[in-house]
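Asks: Assemble the complex: chain Y is given as a structure, and chain R must be docked to it using the hints.
Listed here are the chains, written in short residue letters.
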Amino acid sequence: MKYKVERITEGEDEVILRYCRMTPEVERIWKFLYGGQAKLMGWKEKTHVVLDVDKILYFESVDGKTYAYTEEDVYAMDVTLNKLEEILHAINYFRCSKSMIINIDKVQSLKSLPSNRIDSVMCNGEHIMISRTYASDFRKRLKGGRNDG
Amino acid sequence: MDKHRKLLAVWEHYLTTEIAIEFKSCLYFFAILFFYCVYQILMGSTQASILHMAEMIFLTYVMGYVQVYLMSNFDEGEVLRGREMVCVGLCSLVYAGISVLGGWFGKTVWISVLFFGYVVFLYICVFLVYKAKRKIDDKIMNDNLRAFQARRTEHAKCD
Numbered sequence: 001m002k003y004k005v006e007r008i009t010e011g012e013d014e015v016i017l018r019y020c021r022m023t024p025e026v027e028r029i030w031k032f033l034y035g036g037q038a039k040l041m042g043w044k045e046k047t048h049v050v051l052d053v054d055k056i057l058y059f060e061s062v063d064g065k066t067y068a069y070t071e072e073d074v075y076a077m078d079v080t081l082n083k084l085e086e087i088l089h090a091i092n093y094f095r096c097s098k099s100m101i102i103n104i105d106k107v108q109s110l111k112s113l114p115s116n117r118i119d120s121v122m123c124n125g126e127h128i129m130i131s132r133t134y135a136s137d138f139r140k141r142l143k144g145g146r147n148d149g
Numbered sequence: 150m151d152k153h154r155k156l157l158a159v160w161e162h163y164l165t166t167e168i169a170i171e172f173k174s175c176l177y178f179f180a181i182l183f184f185y186c187v188y189q190i191l192m193g194s195t196q197a198s199i200l201h202m203a204e205m206i207f208l209t210y211v212m213g214y215v216q217v218y219l220m221s222n223f224d225e226g227e228v229l230r231g232r233e234m235v236c237v238g239l240c241s242l243v244y245a246g247i248s249v250l251g252g253w254f255g256k257t258v259w260i261s262v263l264f265f266g267y268v269v270f271l272y273i274c275v276f277l278v279y280k281a282k283r284k285i286d287d288k289i290m291n292d293n294l295r296a297f298q299a300r301r302t303e304h305a306k307c308d
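So the protein lines, in turn, are chains Y and R.
Per this note's numbering, the very first residue in the first sequence carries number 1; after that it's consecutive.
Per this note's numbering, the very first residue in the second sequence carries number 150; after that it's consecutive.
To be clear, the hints were calculated from the coordinates, so they are not data collected in a lab.
Computed from a predicted model, the values in this text were never measured in an experiment.
Ideal Cβ placement from N, Cα and C applies to all residues, glycine included.
Check before you lean on any hint, since a few could be wrong.
Stated by the list, open to error - So, partial list: chain R residues that the calculated Cβ filter (under 8 Å) puts toward chain Y:
no.	residue
1	H162
2	T165
3	E225
4	R230
5	D287
6	M290
7	Q298
8	A299
For reference, chain Y alone in the conformation it holds in the complex (with noise of 0.2 Å):
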């Protein structure tokens, strides 16, 4: 891997990550970046709260709002779901309908439906259903290979 370390007079500090495919050493340098584990700032009552990437479910937005959930709680995001689509695409989320992204290491099983679609089932039971348009992305990402459309 190449670096590229450049002193600017003005302006903010700024670290760019190049990839072309999201390796462990890639990943880890992610990571580190986000100190340690990737983190995302949520709202709950009232009350800022920083959550663990980890440990979220999933994304859903309803009315225009974002929405944060893990096995607990739910939280209110500041971006849009596009804006994590982007942010998280490069680790274990993905986006599964037009208003949702999971996390693929808390899906704990998947079932096959008529018209191409996937019944998702979250590690809290929940099932969350990926559409026809996404479900071959999906497949081709548990296979191993990444969409980066």
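Replies: This is chain R only, laid out in the frame that chain Y set:
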């Protein structure tokens, strides 16, 4: 970019549905042709009418579209209950009716009644085949999921 992705998804969905209809039409056509050929052989003939075959393939195409777009693709459904059984009955009735109108089995109506039963049996078989296919798909997908999660756990240990 998002619009392009949406268009691509619509195109892919359309193409997948069309391929599914093509596949379904061929499947039912060959099953019906088998019944027709057995009938011809039993009647002492070794010839099949091209006109009858053209009617069969055209009918299976039409029924493929009806099944997919009007009857929620019932033979690929999760269950075969009341609504689905009504669809099976209706479609089988159409096949049997056209077989009488087209004279596929001569003037003998009881063969068309037998043919009706055969098409019902065919639909049930196709339903069971799709169900079995999904069961196998479940196993493969869950194995892939376990492997994906194990790979990630390995990476986490490396950290």
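Asks: Now tell me if each hint is right for this structure.
Replies: Taking the hints in turn, this is what the structure says about them:
no.: 1; hint: H162; result: 7 Å, holds
no.: 2; hint: T165; result: 7 Å, holds
no.: 3; hint: E225; result: 5 Å, holds
no.: 4; hint: R230; result: 14 Å, violated
no.: 5; hint: D287; result: 5 Å, holds
no.: 6; hint: M290; result: 5 Å, holds
no.: 7; hint: Q298; result: 6 Å, holds
no.: 8; hint: A299; result: 11 Å, violated
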